Each structure stands twice: as C-alpha cells, then as structure tokens.
Amino acid sequence: MKKLMTLLAVSGFAVAGEASADYALNLTEGVTELSRDIHDLHMLIFWICVGIGVLVYGILVYSLIHHRKSKGAVPAQFHENTKIEILWTVIPFLILLGMAIPATRVMIKVYDTTGADLTVKVTGYQWKWKYDYLDEGVSFFSTLSAKSNEARQMGSGIDPATVDHYLLDVDHPLVLPVGKKVRFLFTGGDVIHSWWVPDLGWKKDTIPGFITDGWATIEKPGTYRGQCTELCGRDHAFMPIVVVAKPEAEYREWLAAQKGTADQAAGEPATPQEKPSDHQPEPPLAAAGSSEATSPAPAIDEPLTQEVAMTLGKEVYESHCQSCHQANGEGVPGLFPAIHGSPVVVQGPVAAHIQLVLNGKPPLMASFRNILKPREVAAVIT
Amino acid sequence: MSVSAIHDDHHDHGPAKGLMRWVTTTNHKDIGTLYMVTSLIMFMVGGAMALVIRAELFEPGMQFVDPMFFNSMTTLHALIMVFGAVMPAFAGLANWMIPMMIGSPDMALPRLNNWSFWLLPFAALMLMSTLFMEGGAAAAGWTLYPPLVLQTGAAFPFTIFTIHILGVSSILAAINIIVTILNMRAPGMTLMKMPLFVWTWLITAFLLIAIMPVFAGAVTMLLTDKFFGTSFFNAAGGGDPVLYQHLFWFFGHPEVYVLILPSFGIVSQIIPTFSRKRLFGYSSMVYATASIGFLSFIVWAHHQYTVGMPIEGELYFTYATMLIAVPTGVKVFNWISTMWRGAITFESPMLWAIAFVVLFTLGGFTGLMMSISPADLQYHDTYFIVAHFHYVLVSGAVFAIIGGVYYWLPKWTGRMYDERLAQLHFWLTTLSVNLCFFPQHFLGLAGMPRRIPDYALQFAEFNAWSSVGAFIFGFSQLIFCYIVIRCMRRQGEHASDEVWEGAGEHGLEFTLPSPAPYHTWETPPNVH
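In the order they appear, the protein sequences are chains S and W.
Remember, my numbering sits 22 above the position in the first sequence when you count from 1.
Remember, my numbering sits 52 above the position in the second sequence when you count from 1.
It should be emphasised that the hints constitute simulated quantities derived from the structure, not laboratory data.
A quick note: this is a predicted structure, and the numbers were derived from the prediction, not measured.
Beta carbons: idealized from backbone N, C-alpha and C, even for Gly.
Treat the hints with caution; some may be incorrect.
[As the list claims (entries may be wrong)] Partner residues aside, some chain W positions facing chain S, computed with beta carbon under 10 Å:
1. F122
2. A395
3. P505
Bound-form chain S, shown alone (with noise of 0.2 Å):
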C-alpha cells in the first residue's frame, strides 16, 4: 500500500524534470550563464536524489510487500552490523563531496561582480523598486501597473484572467543591455526586500543601510518577470520587477531619452523645501528621472495649473499614496490612517500637510523627501 504513495513521489519528481514545457513545473534555465549553471546544478542534485529515493523507496518497498507477517514473514533476529553501518556513512558523503565541488564552482562565480560594464543600484521600498543608473545619472520608480493594481483590490469586479501579466507588470521596467556585464547593487530603504528575477538565476536581499550586490550578463533580448521575495508588509505580493532586455543601440537610445527627460527636470526652479540629499550618496535629487519620466509629461516649468496638479497629483498618489491610505482615501483602520476628512490633510494648513508628507511619521510612513520631486508634492497635494 506505501508503493502507491512512493510511486506518486517519485514519478511526481521525474514528472517536474521532464515536462517543464507547458506548466512551469521545474526551474527555469534563465538566460544568463549563472542561471544556466544553478539550473544544471539544480538538475544534478535533483538526479542525484532521484538515484538515492528510487534505491531507497524500492528497498522499503519490496521489504513492505514481501516481509508481511500476512505472508508468514518470520522475523529474523540479525542486528547491527559495523560493516555495512560504516558503508552507508562513508558513501553518502562521498556523494555529499560530489555536490559539493561543483556547487562551490558555482558560487565562486555567482560572487565575482568584477569587471562590470555598468552598474545598476536597486533600492528596495514599501513597496516599490528604485533604479539608478549609477555612471549616467538616470534614476526612476517602478512600482505594479495601475491595471494589475486596480484588479487586486478586494472587491474591485476585476477578472485577473483579463489583465494582462496579472500582477507581474510595473510602469516603467528596468531596461539592460544585452551582452553586457551588469553589476547591481542592493540596498533597502525601509525594511528588507528582496530582488528575485528567476531568468537571471538569483535572487539578492535589499538591506537598510548596508549595500549587497550580485551580477548578470543577459544573453536574449526580452522581458523577465520577478517579484520581492522577502516579505516587506502589506503589499509584498505587489510591488513586480520587470527587466527588459535591448540591444545594445536600442538600450542606448532608450538611455538617451531617460536623460533627455532627466536634463528638463535637472532645470526646474529649487523650492525652499528642496535641502540637499543629506545622506544618501546619489545624483542631486532634482536631476533623478521620476517615475513619470516617461510618461507624457506636462511642461515642467509651467507653475500649476489646477487641471494639471490634479492629473499629476492623481498619478503620484497611485503610485505612492494608494497602497496604503487606499484609492478612497479611508485607509486601513487600525494600521493606515484616513485622509478622507483628516484634520491635518484636509482641514489643517497647507504647510503641516507638506511637512506630513515631507518627513513621513514614523516607524510606518517614509519620508517622501528624497523620493518625490517638489512639483509633485504640490500636485499631490493638491
């Protein structure tokens, strides 16, 4: 009766080895070279362990079927054996030494993020990824698409099946050249996050206050889909990591744009609000290419028009407001206070509603002052 269970575990294994086409049952082989090498690895160890279960599943099994006491199985007395106990300790870890030097191989490789050809810093927020392009002063926000996150509202009416990439969709992806070296580094801006894209073979923990990096050389054009894997908060299910993959020229001129758009905003007028960057180490805040650099983006030297400010406001407050206080503005009771009606935001003066949204309120809300660009507090706030 075990054989039925041992049969349904082992060929559910050789089952996860073998159709990986239609059903994503087994890892992916990625498209760098060390998602290639963890997936042979993967693989070996897999065979390896398929090897050691078939042995010790059919011994099991066959002592199931034929030492019953049903079939006048005697029990024979024989106990303790030193050779065979010092055979099946020495042999596994043989086996064991066998994983293991290739596994270090591996893992040598992984850990060797020199000779890059550019350098991505990913910063991991609730819940949002930053990039910035660290030699060519392009920064953006990349958060779930207003789609995805329109449908994984509770009680939002929404089929997923009908949104495309359900929940694995941002606004604006991190785009890498092919065939390049592409170091990343990891950082966290509140708690721990972690960036996994399953092509690139790995994932890295993004650390408050401490810099983790990893590397990868993508070999096909296309776009890989990830997620956080560390759970961050309330909305870990939903802040995706999208990274499209372009040729080298094609990543050019999309970097060309980026800077394009970064450069108008580098010209916008500074607000007495606007403090130097204090203790992060990046490109003056004002020249960072916000998350609606590639939007349409209004006239940026225009001052506001109410019109205006609210369309942009309304974006801004997708983008970083919704998660939590939600899309009506009633937060999450206990947790996420309301705007609705909130005697600081809506009755109280301007200036305390700046400050709220300047500094953040600790230990929940971040300070938004590094993260959103002076017009768009004025947006959002209006």
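Keeping the supplied structure of chain S fixed, place chain W upon it in accordance with the hints.
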C-alpha cells in the same frame, strides 16, 4: 472491602475530583494529558488559520481577507503550530511516556512540571488576543525580522512577551526532562539501554536549554530597539538588521530539530514493534541523533544564503549543512533495515511511521537540494521551501505525533481505538497532505514567492489543488478528534496490557496494566 478502605485507597492513589485536579496536579500522566489536549486544540486553531490562507490562495485575486490580515495569519499559523501544537505534543508524550519507559514513578520535579504546563495556555491566549489589538496581530512572519516587525502595532510587546513565556515554559520542561532521565532511571536501565524516544528527548532538552535564551535575548533586543531607543538592528544607529537573523536562526535551526528529534524517537519505537524485530542499529541511532543535535548549532546561516554573506561564510554553511544528510541518512537506513526481513503488520501506528519514513525522506531530499547554496539562490523564499518544511514538519513531526498517539492511546485509556476509522483517517490525511504540499514544489520552482496573498495567473492551477488538499487534510482531523475523544470517554474495546503483539519486549510501558494506573513504578522494575 470496607467503605473506608476504598476511600483510603482512593485518597492515596487516585486523582482529586473536579477542575482543581487539573489545576493543581503534579501527576505526570495528568500533565501529559493536559499538554496533549492543549496541543490538539491549538493544532485545530493553527489549522483553521492555515485554511484562511489556503482559501485566499484558492484562486488569483483578493477574495476574503486584507493582505495585512493574511500576513498575520501566516505569522500566527507558524507560531501556534510550532509553539502551541508540536512542542506541547512532544512535552505531553514526554510526560506520559518517559517515566513509564525508564521505570520512574513520576517526573523528577512535579511542581515545576505543573508550572511549565500552566504557563502555556495563558501564553497561547495572549498570542491570540493580539488579533484583536489595534493594528492587528504581528504580520512579519514567525521569524519576526526587523525592521519590518518594528512596524507592528499594539500587538508588538504582547507578541514578544508571549515568546518569553513560552520560552520559560519550554526551558522548565526541558530541565525537568533532563533531571528525570539522568536521575530517575530504574536499576539496570543504563543510558545505552534507554528507549530511543527517551534518548531523542534527552538531546532535544539540551537543545532547548541552549537555544531558548538566545531567542528570548534576540526578541528583547527588538523590544529595546522599539521602545528604548537602542539600535541593535538599526543601521542608522550603527546596528545591523542581519544580526537579528543570525541570532534568530542560531535559535531557529536547532529549533526545527527540537520539532523533529522526538519524532525520530517515536518512529524508532513504533517500527520495531510492528516489524517484530529489534531496532537494527541502536547505538548508531543514538550517535546519529547526537550528531544531528551537534550539527544543528553550526549550520544556521543556511537560512540566509541571500543576505550577502562573504563567500567563505556561504561555502562553510553549505558544507556544514550538507553534512547533516549523513546522520539523517543513517537513521532512515536503520528504520528500513529494521523492517527488512521482519514480520510486518500494518496497524495504524505503523502506517503513520511508514508514511513518516517515506515523506520525511522526501522532505530530506528537498532539504539537501536547498543546502546547495547556489541552487538555493533560486529556491530561497519560494513555495519550494514551503513544500520542504511542511513535508518535514507535517508529514514528519505531526505524522510521528499522531502515530505515537495511536501507539500509546490504548495504554493511556485502556481502550482500543476504532481501527477502521483510524485507517480512514490515515489514508485521507496522507493523500490530502500530498495533494496539498506536493504541487507547492512546482509552484516554487516556477517562481511563486512565499508569504503572498495573491499571485500571477500561471500559478493558479496548482494553488487550487493545494487548497483542496489543505481543506481535506483539515477536516480529516475531525475524525482524529472523534477517535481520541471516544477512547478518553472509555468507549470501545478493552485493550490488553501488552496492547500490541509482543510489545512487552519493546518497552517497559507495555508491561504495565492498561489503562496505566494513576501511579506506576512505585517499586522500580528490574531491567536487564
């Protein structure tokens, strides 16, 4: 017999009446029962939380609960199952069985025993009360990683205080078990003659004493970080959030062996009985358990392969972790050799033990896969790990506990459980546990992170299966409750003293009457 004689008899040897019997009892059997009943209740409570999780995950989209509440459910499910269900179940089995197995009249420290139990229900109640506090219960996962856990609302200090109390309770129980085993053995019961269940608990108790203070210390540092301005885990003040992870897993890894070593012991009791054959390698089993206990202290950072340790650390923890496969393999080979050429029968306890060997080994394979650090960079924090630890903790620890209950229940109550219902319970549970957790391997490999309340469409199918499995699993346990309650109410056939054919040769407990009298081994047995 005169009335007064009966009365005296009762006064000397029977339990007191009513509720106070349970509040003031110092009897190891009463306390064992209290632990077991508490454990069963908490198992159902933690299970209900798991069903909330699986209901939300049945299909994509958010249907039932807020993501924050979902996170509270995953957090409390784990804390309750680990500290409220599995550990108390082992403590209950230890209380019932260790004195009977080593020929001792009771535990060495009976009043301490009462105290260590009664801390438990209050700690559990306090933990559950956090659900109703402002800001909801802790939602940072049972690992309580800062900085996230510092965002917990009013529940934060209560959660930590709960952990302190549970820790005190575990330490007291562990001290009691060590003292009992080292001092109260019957003449002739040398250490190397002790039943394996006693051995595994002895080692487990040492693990508990070593790790609980570390955990208590770590969560106290969280407390001072939050309320007293310290910066142990805050980089802005010179601290390090990863330091917490090191402290936590220095506790956490031995802790998972706390959850599995006594299971090894139970299975090592059951398999020889129903194979009608001695355990193949008694001493190598003892040494293997001790090696696992030792190794458990030096492998903790394999839970942190992705935090950016230096490569030397990464490789060291890889090698050390892989080594655990050796003594664990020795144990599995021993169980199979014990069955080999035995005369096997398939009563319920044996079914659970065999399922344990098969499914725990499966969980061991995935554990080995994850010990390989480069591969773990993919597996880490996905459903692959969720599948892994549920295979070793549900079809491992929980199966062993249920097997142990079926094995000893007739001895405790004097009644045979309903074998047909028990078989039904076994098959429903075993099939549904695989339906629930096996697809999670695929989910993890395909890229589904753990601890998420909603997921992309390509994960929908396996999640639906998994949820169906979880619900069948959960409701099957009602059969178990029914079976146990029937025996406790003294319904069903009388059990013989030996209970199982030839069991008297496999343990002192089966040389006692069934049900075991309130006081046993007032005169120590002679062990040879």
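Against the structure, the hints come out as follows:
{"no.": "1", "hint": "F122", "result": "holds, 9 Å"}
{"no.": "2", "hint": "A395", "result": "holds, 4 Å"}
{"no.": "3", "hint": "P505", "result": "holds, 6 Å"}
The structure meets every hint from the earlier list without exception.
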